[in-house]
Amino acid sequence: MSGAFAFVVGTIPFLWQGLLMTLYVSAIVVVLSVVVGVVFGVLLAYGPWWARWPLRAYSDILRGTPLLVVIFTIYYLLPFAGLNLQPLPAVLLALVMFKTAHVSEIARGAIQSIPQGQTDAAKAIGLTFFQRLAYVILPQSVRRFLPPWINSVTDAVKGSSLVSLVGIVDLMLAAQQVIGRTYEPLPIYLLAAAIYFVINYSLSTLSRRLEARYAYIRE
Amino acid sequence: MAEALVSIRNLKKSFGRTRVLDGVDIDVGKGEAVVLIGASGSGKTTLLRCVNALERYDDGSIRVDGVEVGFRGEGAERRPRGERELSAIRADIGMVFQLFNLFPHLNARENVMLGLQKVRGLTKAEARERADHWLAQVGLADRAENYPSELSGGQQQRVGIARAVAMEPKLLLLDEITSALDPELVGEVLAVVRRLAADGMTMIVVTHEMIFARDVGTRVVFMDGGVKVEEGAPRDLLVNPRSERLKAFLSRLEMH
Numbered sequence: 195m196s197g198a199f200a201f202v203v204g205t206i207p208f209l210w211q212g213l214l215m216t217l218y219v220s221a222i223v224v225v226l227s228v229v230v231g232v233v234f235g236v237l238l239a240y241g242p243w244w245a246r247w248p249l250r251a252y253s254d255i256l257r258g259t260p261l262l263v264v265i266f267t268i269y270y271l272l273p274f275a276g277l278n279l280q281p282l283p284a285v286l287l288a289l290v291m292f293k294t295a296h297v298s299e300i301a302r303g304a305i306q307s308i309p310q311g312q313t314d315a316a317k318a319i320g321l322t323f324f325q326r327l328a329y330v331i332l333p334q335s336v337r338r339f340l341p342p343w344i345n346s347v348t349d350a351v352k353g354s355s356l357v358s359l360v361g362i363v364d365l366m367l368a369a370q371q372v373i374g375r376t377y378e379p380l381p382i383y384l385l386a387a388a389i390y391f392v393i394n395y396s397l398s399t400l401s402r403r404l405e406a407r408y409a410y411i412r413e
Numbered sequence: 088m089a090e091a092l093v094s095i096r097n098l099k100k101s102f103g104r105t106r107v108l109d110g111v112d113i114d115v116g117k118g119e120a121v122v123l124i125g126a127s128g129s130g131k132t133t134l135l136r137c138v139n140a141l142e143r144y145d146d147g148s149i150r151v152d153g154v155e156v157g158f159r160g161e162g163a164e165r166r167p168r169g170e171r172e173l174s175a176i177r178a179d180i181g182m183v184f185q186l187f188n189l190f191p192h193l194n195a196r197e198n199v200m201l202g203l204q205k206v207r208g209l210t211k212a213e214a215r216e217r218a219d220h221w222l223a224q225v226g227l228a229d230r231a232e233n234y235p236s237e238l239s240g241g242q243q244q245r246v247g248i249a250r251a252v253a254m255e256p257k258l259l260l261l262d263e264i265t266s267a268l269d270p271e272l273v274g275e276v277l278a279v280v281r282r283l284a285a286d287g288m289t290m291i292v293v294t295h296e297m298i299f300a301r302d303v304g305t306r307v308v309f310m311d312g313g314v315k316v317e318e319g320a321p322r323d324l325l326v327n328p329r330s331e332r333l334k335a336f337l338s339r340l341e342m343h
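Taken in order, these protein sequences are the chains called A and P. Counting the first sequence from 1 gives a position; my numbering is that position plus 194. Counting the second sequence from 1 gives a position; my numbering is that position plus 87.
Careful: at least some of the hints might be erroneous.
What the hints assert, rightly or not - For the chain P half of the interface with chain A, some residues (derived, Cβ under 8 Å), not all of them:
hint, residue
1, Arg-171
2, Ser-174
3, Arg-177
4, Gly-181
5, Leu-186
6, Asn-188
7, Phe-190
8, Pro-191
9, His-192
10, Leu-201
11, Gly-202
12, Val-206
13, Arg-250
14, Asp-286
No lab work stands behind these hints, which were simulated from the structure alone. Idealized CB from N, CA, C, for every residue including glycine.
Here chain P stands alone, though its shape is the one from the complex:
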């Protein structure tokens, strides 16, 4: 594996009394696309949200490019990071959401420009240029002035991707980004992600699209009950599952 960009160790997280993550270890090398699969409730989305500090983890460690995401200090000195530090860390980790979460009061271009201006400190002209570049990259050059409500789901999600990658993040997190799309719109979104992966963007992807996992993933991690059950090369893991739990999961998918 290439040099690890993300290193997750013994990650634990509970919501109330429910343990959602129960000691997960995952490494992601630079340029890798690691795909997390598993039933809903297996903890994969929570894991993704911990990597971007949208959730605070209880125990264990997540390092992105050598920096612990949620905490500062070691051992007894370990404290949750403050708002400013978290914002700086998140700025270098892009995220695309299942429900797009575009800003409805801003048009497509302004959605992409906001972070560039306010976080990256680009001038309006620079931000506009970079936003238009990325909107063109996702095939939406002619939609820059449209508001999210005027765009199809697939177009909204491509704006969501442009908004994330325009920040030039070290790492991109994709959280079931095609789950809310009509089937005929899934392809256009996956095509964009496939190209990002080919260009060497490091990604952690949560998906239910097994074909996507096979095509884009350099590695697949199967999670169940808050732990990593199996991990391996996509073609190997999805075709020859070793654990009973993965076999059961894959056979349930085939029935649908």
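For reference, chain A alone in the conformation it holds in the complex:
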């Protein structure tokens, strides 16, 4: 027993490097997708048709495609577009594009769930469009945005394991490489699963805390 324990502990430094890559990929995907996705969501809710229409198509197509397909398509398509990206930027681009499609839809839904009366009241005191957005619509949308968004963040963490497909050593590939050397799949996979679980469980806990913080906003 202690031998198995020591063995698992011995793999930790290598898995740690993988974990850092997983966190790095997840963080980049989450941050970029929320910034671009919220802007897209605002455009989907209020933009002119020439902005809404292509964003609608973008969001529908990417949300209707498996992430794996998106990654390989972009990975193999980029060279034809004259872009010779390294594997990591290429797969990051695919992940961000995929996640942005989801976030923009979550943001649009949250914004449009705010009753029209709120916009009327904000107009009636003379707020301009951006003031209405900043002080009335977006603060209220946050409460509706958070739960599905945190869900989508945990998906992003899990989805980041697909970077291993193009040879980037994240937690997933690190685990596989350790298994390749040791032929001990079960403890290593269990450890990797436990780490993914801890990350995502912390995120859902955070989400519940945040939701409780916004509970006073009731219509």
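On the provided structure of chain A, position chain P as indicated by the hints.
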């Protein structure tokens, strides 16, 4: 009549193929409280929303203090006003809504302060002082820190009134402000409006409360099918209706 603050001429508005306003003329003098009555669908709420540019009218004119609300330029040059111009015009026209429409993420004081800070450019301290003044005026000095969800309907509506009048508008629009209230809460809201009217606030009021129309209104306008059918002094019009349509409308009210 006193000098006209609001002058509505030949106002027309359709939603799709349905004509909601079919050529309405109304003048409102400074300090007057004009009450619009009529069945639902008669166009009175749409008219009110046009005055505040919450709806764009198709044809005709609405001038508030000499300024055309929805459009700039004349004749062939006439164009819908842009976002910034509309915001500036709306800032001087207060509106209170049937469903209150308070901002649920802000407490009572912050609801009143928002426009004062962001539109009037008051400092936080000035806005806070003026907000507290108006909350006291509507009898809610002790509710400033409460969120809308913690207030009764009548209290929410009084915050709604404070939010509108704190902006010191030239004109106040009241859109069925007691329709969503429990009967025992109607009185406290009407008392606030009665005092505003007595203080000389110019108002256009859409209401189903005939007693209110009689007490506060300097003039009553009866609308039906998107046109003004009859207009006159409240005591006269409500007691001695001339048109058949107004007679029918008033008798339906009495049955309830």
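Going through the hints against the structure:
Look at Arg-171 (chain P): its Cβ gets to within about 6 Å of chain A, closer than 8 Å, so that hint holds up. Against a cut-off of 8 Å between C-beta atoms, the interface hint on Ser-174 (chain P) holds, since the closest Cβ of chain A lies about 5 Å away. The interface hint given for Arg-177 (chain P) is met, as the beta carbon of that residue sits about 5 Å from the closest beta carbon of chain A, less than 8 Å. For Gly-181 (chain P), the suggested interface contact is upheld, since its CB lies about 7 Å from the closest CB of chain A, less than 8 Å.
Using the Cβ-Cβ criterion of 8 Å, the hint placing Leu-186 (chain P) at the interface with chain A is satisfied: the shortest such distance is roughly 6 Å. Contact between Asn-188 (chain P) and chain A, as hinted, is supported at the beta carbon level, the nearest pair being about 4 Å apart and thus within 8 Å. Checking Phe-190 (chain P) against chain A by beta carbon gives a least distance of about 6 Å; that is within 8 Å, so the hint holds. For Pro-191 (chain P), the shortest C-beta to C-beta distance to chain A is roughly 5 Å, which falls under 8 Å, so the interface hint holds.
Restraint check, His-192 (chain P) versus chain A: the minimum CB separation of about 5 Å is within 8 Å; hint holds. A distance limit of 8 Å between C-beta atoms decides the matter here; for Leu-201 (chain P) the minimum to chain A is near 6 Å, and the interface restraint holds. A least Cβ separation of about 3 Å between Gly-202 (chain P) and chain A falls short of the 8 Å threshold, and the interface hint therefore holds. For the restraint placing Val-206 (chain P) at the interface with chain A, the shortest Cβ-Cβ distance is roughly 4 Å, inside the 8 Å limit, so the hint holds.
Contact between Arg-250 (chain P) and chain A, as hinted, is supported at the beta carbon level, the nearest pair being about 7 Å apart and thus within 8 Å. Evaluation of the Asp-286 (chain P) hint against chain A yields a violated restraint, the C-beta minimum of about 20 Å exceeding 8 Å.
Of the numbered hints listed earlier, the single one contradicted by the structure is hint 14.
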